[in-house]
Amino acid sequence: MAYGFLYDPALGSFELSESHPFKPIRLELTRSLLSELVLLKDAQLTAIETIDEASLAGVHQKRYIDMVKAVSQGQTRAEAYSYGLGTGDNPIFPKMHEAIMGICSATVTAVDKVASGELKRAVNLAGGLHHALADKASGFCVYNDLALGIEHAVKHYGLRVAYVDLDAHHGDGVQWLFYDRAEVMTISLHESGRYLFPGTGYTYELGRHDGRGLSVNVPLEPFSEDDSFVECFEAVVPLALRRFKPDLIVLQAGADMHRYDPLADLALSTRAMAKSYQRISELADELCDGKLVATGGGGYDPYRTVPRAWALLWATVSRQQMPELLPESWRQRWQAQSPETMPEQTFDDVSSWKEIPRRPQIEAQNRATVKRLLATLEPIWRERFG
Amino acid sequence: MLVKNIMTKKVVAIDPEMPIGDVYTLMEQRNIRHFPILEQSEGKSAKLVGIVSDRDIRTVGSDLSAQPEISLKDPVRRVMVQPVMTASPLDPVEESAKVLRTHKIGALPVVENDELVGIVTGIDFLDALVKMTGVEAASRLEIEVADRPNALADLIRAISVRGFSVYSVLTPQKDADSVSFVLRVNTIDGHGLARSLSEDGYNVLWPLPKNNL
Chain A
47 MAYGFLYDPA LGSFELSESH PFKPIRLELT RSLLSELVLL KDAQLTAIET IDEASLAGVH
107 QKRYIDMVKA VSQGQTRAEA YSYGLGTGDN PIFPKMHEAI MGICSATVTA VDKVASGELK
167 RAVNLAGGLH HALADKASGF CVYNDLALGI EHAVKHYGLR VAYVDLDAHH GDGVQWLFYD
227 RAEVMTISLH ESGRYLFPGT GYTYELGRHD GRGLSVNVPL EPFSEDDSFV ECFEAVVPLA
287 LRRFKPDLIV LQAGADMHRY DPLADLALST RAMAKSYQRI SELADELCDG KLVATGGGGY
347 DPYRTVPRAW ALLWATVSRQ QMPELLPESW RQRWQAQSPE TMPEQTFDDV SSWKEIPRRP
407 QIEAQNRATV KRLLATLEPI WRERFG
Chain B
112 MLVKNIMTKK VVAIDPEMPI GDVYTLMEQR NIRHFPILEQ SEGKSAKLVG IVSDRDIRTV
172 GSDLSAQPEI SLKDPVRRVM VQPVMTASPL DPVEESAKVL RTHKIGALPV VENDELVGIV
232 TGIDFLDALV KMTGVEAASR LEIEVADRPN ALADLIRAIS VRGFSVYSVL TPQKDADSVS
292 FVLRVNTIDG HGLARSLSED GYNVLWPLPK NNL
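Chains A and B supply the protein sequences, listed in that same order. Each residue of the first sequence is one higher than the one before, starting from 47 at the first, in the numbering used here. Each residue of the second sequence is one higher than the one before, starting from 112 at the first, in the numbering used here.
The following block holds chain B by itself, in its conformation from the complex (with noise of 0.2 Å):
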């Protein structure tokens, strides 16, 4: 999965000129927390120059600033963070995610070819991780197998020779000599397939059979 897979591609940017107490505005208003800063001149695309998160202004202009001497009309420019710190759309998200907490950042804008393309931010990382466990219509089913080569492999020649599709594999669990995964299948009825390959002789740890209630 690739940042351009779960960048949210309508960018709101701003003006390094906008005034911060209009900054302030706009977020309330579209509900988002981080502005790239592009600055245009002319004869040439617009230049990313910086970014601003709730975070930098949420105290501009009150006792609690760090900053007493900025207010509310001064420029953006004057409380935008720089450098910033961007992702490429091809970048794995996995890397882009790291990326993030290194720098204890919240959003990293997507440039291509000196081009603002999109933004991540930290919720999309997270849906990320949640599609990446499943998110099709499918039966969980957890199985332990013997850790040899192939054992994955069989598990799903397995469930696939009865007709079934795997969305998702998870590995929760590796002991010494046994991997458990958690198999998301394309089937409403996992307790039917966990009694097959039961039947087969694998362990299934869920479903549990419901036989024995």
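Chain A with its partners taken away, still in its complex shape (with noise of 0.2 Å):
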């Protein structure tokens, strides 16, 4: 059975403005390094289905898709403030309605294609746009693509599904979204709320009602490297996975938790993201056949980062080895335009950054964080699933 591999040049058209830090020319970044390691060979080029405006506001105020059309046809509407929409973080652009629903039908048709087991596995590097809310856009998020495929999953097959979130924010839209929702685990490891964007993403927050003890809040310290992460990804992110037993997992696999990522704190390697791709992988084999689902997300860091994170994370999802070495017409193409050095490796050479001050009192704070969360989750867990 084939990967499926979502991709329309169309949904990389968009650019909010040109200082804008969402950047979406890393899709092309990353198009092109795994085109010419050769990774896309025997991918399935999906064609993207449209989703319909229905299926739109299942998870979004029908006030709100209104207003994100009008303003995207060039109107002005004094509320649209209200909704998060022209703001410094959003923008409004032209024909925005029909470039985030783009993102949004590929999510969908992504969820679709391995919930009807077409595909095995599908990736949608433009999506993952975790912070839109039912009603507001936020944090460079106007529609939830990926509330809709989960949604979508468990509307038309029934399934339970795990969200799983490794951007350096909260995935704080997907999780109020399906807040109090039987069918839908979300767990997010990000950078603690206390410092970073967008504020939210607690232990104590737990998901309530039917939801209760389905949202797993893992909030790690600024300045957090490789070690400390994969050991708190290792405590929390199986067992919550084992516990709920998913039929399919959806992965939001933001690329700024990275050491060069300019808008968030950590300082992870591409090792540790690799890591936590195998993971994923892996559990998904152990607990649902296999089926997964991962998109792309923050990642701020266009040239040196995201095209490494992002090829890895395909390489990963579709059971193929990424060389260490990248290829040098790759560089030398993008060299030209990128403000930094492209780099040589996949993965970094941790050796030559300078150490991390405090690291031992990030290390504890971070086990701290972990062992309370598990302590609040645990018989809430243990009464839920026995």
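Some hints could be false.
[Claimed, not checked] Computed cross-link-like contacts, SDA-like style, restricted to lysine to any residue with a CA-CA straight-line distance of at most 20 Å:
hint	chain 1	residue 1	chain 2	residue 2
1	B	K242	A	D272
2	A	K400	B	K321
3	B	K321	A	D272
Since the hints were made in silico from the structure, they are not lab data.
Put the two chains together into one complex; each comes in its own frame, and the hints tell you how they fit.
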């Protein structure tokens, strides 16, 4: 069975504004890298099936959708700002509604093909808009493609879905949209909301009503590094997934936990990121017949970091090997426009990085967070799952 | 922020004649620790005559009880606390929080025109405090400014001209000639904003620039 790579040049064709940190060019950087590495040879280039507004309304409020459509067509609306539109983070651009609908359609298609069994797994690197809420744009996200995909799997296939969010920012939109639902577990590892946007994702956000115990948050200290991240991941993610026993895993693989990312304060290398993709892949095999859909997400170091992270993501999901050395021709092609030196290696040479002060305290704090989280969750899980 | 903004409006009130054992069961079932007690009298609206908390009934019927003559079958009237300290919906939350602390109690029924309209507990005040620190999706910036008139106004203007809103301001530190403010600003790119403010001469304490890693 094939692995789907959702791709359409149109998905990366919009730009919020020239100075905006969200750079769609990272998609072309990643695709060109994969193509030069011949890792897309066997990929199923899946056609995107456009979703209708009724499905969009399954997650977003009608008046919000109408507002997005109106401002996308250039109409001025005084209330737009209260919907998070036309803010510094979410500037309005022409055909915004259509552009984001395209991204959402790609994620829903990916989920649909995997849920139906047509594809073994699928990846939509343009997706991962995890901050969008039912009636509000937030953090560069207008519509929530992940929530639409998850809702599709629940509604049309009756699946239990585990959502794992590895973006440096808390996956707040997806969490709140499924906060009281029994069919969806959300797990998010992120830099603590005490320091970073959106300011949520604490260990005490556990879900409520039917969803109690199904919202799992691991807030990490700023400047956390590979070892501490992997330790926290290993302590929480396999345990949570094995308790919940999903039929499908949806992975948001934002690439902004990396040390080079200019928006967040974590300090991971591509090695820990690759490790986490590998573990999710193994857990999908163990728990849900391999069924896995992965998206992109944050990632604001578009030249050096994002292409390596997401090439690793695709290689892992599609069960291929990523070489250690990056192709010279690819580096040369992008060096002309990259503000930094293009990397030569897939994995960072962490020994060349300056040592982080307070490393033992950071590790101890993360360990304490995980301990507190599990102490809260385990009794709830025992009651819930036996 | 006023009491009416944080109170629980759906109050479970009980009758003074309800047996203590039943009150206990109701507390367990509803996961509630405080019940206002309303007395109905013909032709008049119900009157708030007392309040009972889990602490007042916990030991009833056991050897630990200070009043061994009271049993679980007795009406709750016998253990309820009166007179009741109350709040008004228009009281500022900090004022009602002080009442709670002064009397070392856990909840205040909210009364308007002699009618019970809500209840506030210690947890509601804690939630209010959390809310005041900024709940909207926001980045946290800590900035030190000289203590002079307009310092905060200038800082907020500097942020607003860049197209962002400030959702909350806290003052964790005040020195002889400087004040540091913790701001919650509606942007995902706190680093970008910090960089831009530093270039304007602001002393940004958080976030720290990442390029010197």
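In ascending order, which of the hints set out earlier in this document are inconsistent with the structure?
Violated hint: only 1; rest satisfied.
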